[in-house]
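Trainee: Sequence:
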Amino acid sequence: MRLHIKNVSHRYDQLEVLRDIDFGIEPGEVVALIGPSGCGKSTLLSIIGGLLAPSDGEVLMCDQATPEGCLNPLTYVFQDFALLPWRTVAGNISLVLEDHPLSKAEREERIAEVLAQTNLSDFANAYPKQLSGGMKQRVGIARALAVRPAVLLMDEPLSALDAQTRILLLEEFADLFARTGMTAVYVTHNLNEAVRLAHKVVALRRRPGTIKEVHTIDVPIQNRQEGMPELIAHEQALWDLIRDEAIAADKELENVA
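Using full-length UniProt numbering, the first residue of the sequence shown is number 1, and each one after it goes up by one.
Among the hints, a few may not be true.
Claimed, not checked - Straight line, CA to CA, 25 Å or less: simulated DSS-like cross-link-like pairs of lysine-lysine:
| hint | residue 1 | residue 2 |
| --- | --- | --- |
| 1 | K200 | K212 |
| 2 | K6 | K212 |
| 3 | K200 | K251 |
| 4 | K6 | K200 |
Hints listed in this document are in silico derivations from the structure and should not be mistaken for laboratory results.
Between the sequences and the hints, there should be enough to build the whole structure, so can you do that?
Mentor: See the structure below:
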């Protein structure tokens with residue numbers, strides 16, 4: 001599915017959050033949204049996903065093609081795992097399938113498929129309290145994949161995890177995107193995540209968020225490794241883009257506190 005975020009602006013009452021955002025997302029492309037705190041990254045993701053109507057502009061689905069068996073074209077993964085504690089791993093994944101006209105066999109097939117994709121097959125009958133933070137986030141990813149989305153929308157999915165778990169899941173995300181050719185929009189404060197996963201990075205200015213640059217990373221995702229000089233150079237270029245505004249935004253937050 002191809003998306004066009006066309007001249008999107010948004011205000012909360014008198015507070016202007018986004019102004020004239022315009023860019024495209026191609027099928028099979030991973031797009032990262034970065035920028036200083038308060039620049040409207042999560043608001044923009046909510047607009048792309050249809051959770052929030054923009055004050056101006058629109059999000060166009062230019063290509064309606066969806067994966068075979070797609071039940072929900074635009075699907076979210078949040079930093080909050082939002083698992084039901086009384087359901088098993090398989091039961092939490094099943095939740096997103098139960099309102100769709102699938103047979104029991106079809107549901108079980110999808111659940112088994114996404115458990116395998118996220119290395120959770122041995123934990124199908126475990127409960128959330130028995131899982132680490134990284135395992136819980138894997139369940140969140142598996143649940144999103146179960147509906148076979150056309151576009152996966154990810155709002156800082158690794159920010160609540162410890163450094164070691166973040167690195168492991170980052171590798172798994174990279175492998176997932178490389179294997180499946182999935183289209184995704186990935187909000188992050190972490191530039192290392194952006195250069196490891198994204199084909200292009202949309203850098204936003206301070207509020208009201210406007211596009212400062214769309215930065216392309218032409219190294220195939222499957223060939224990217226930690227410490228690659230090319231990725232280090234891309235990360236430095238992104239930091240140079242947003243550094244001054246990020247520092248100013250942090251000082252602004254300190255003053256408010």
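Trainee: Just to be careful, I want the Cα atoms of K200 and K212 compared with a cutoff of 25 Å; is the pair within it?
Mentor: Judged against 25 Å, a Cα distance of about 13 Å means the pair holds.
Trainee: For the pair supplied as a hint, K6 and K200, confirm whether the alpha-carbon distance does not exceed 25 Å.
Mentor: It holds: about 17 Å lies between the C-alpha atoms, which stays within 25 Å.
Trainee: Checking one constraint from the list: CA of K200 to CA of K251, max 25 Å. Satisfied?
Mentor: violated, 28 Å
Trainee: Regarding the pair K6 and K212, is the alpha-carbon distance no greater than 25 Å?
Mentor: holds, 16 Å
Violated hint: 3 only; the structure is consistent with all others.
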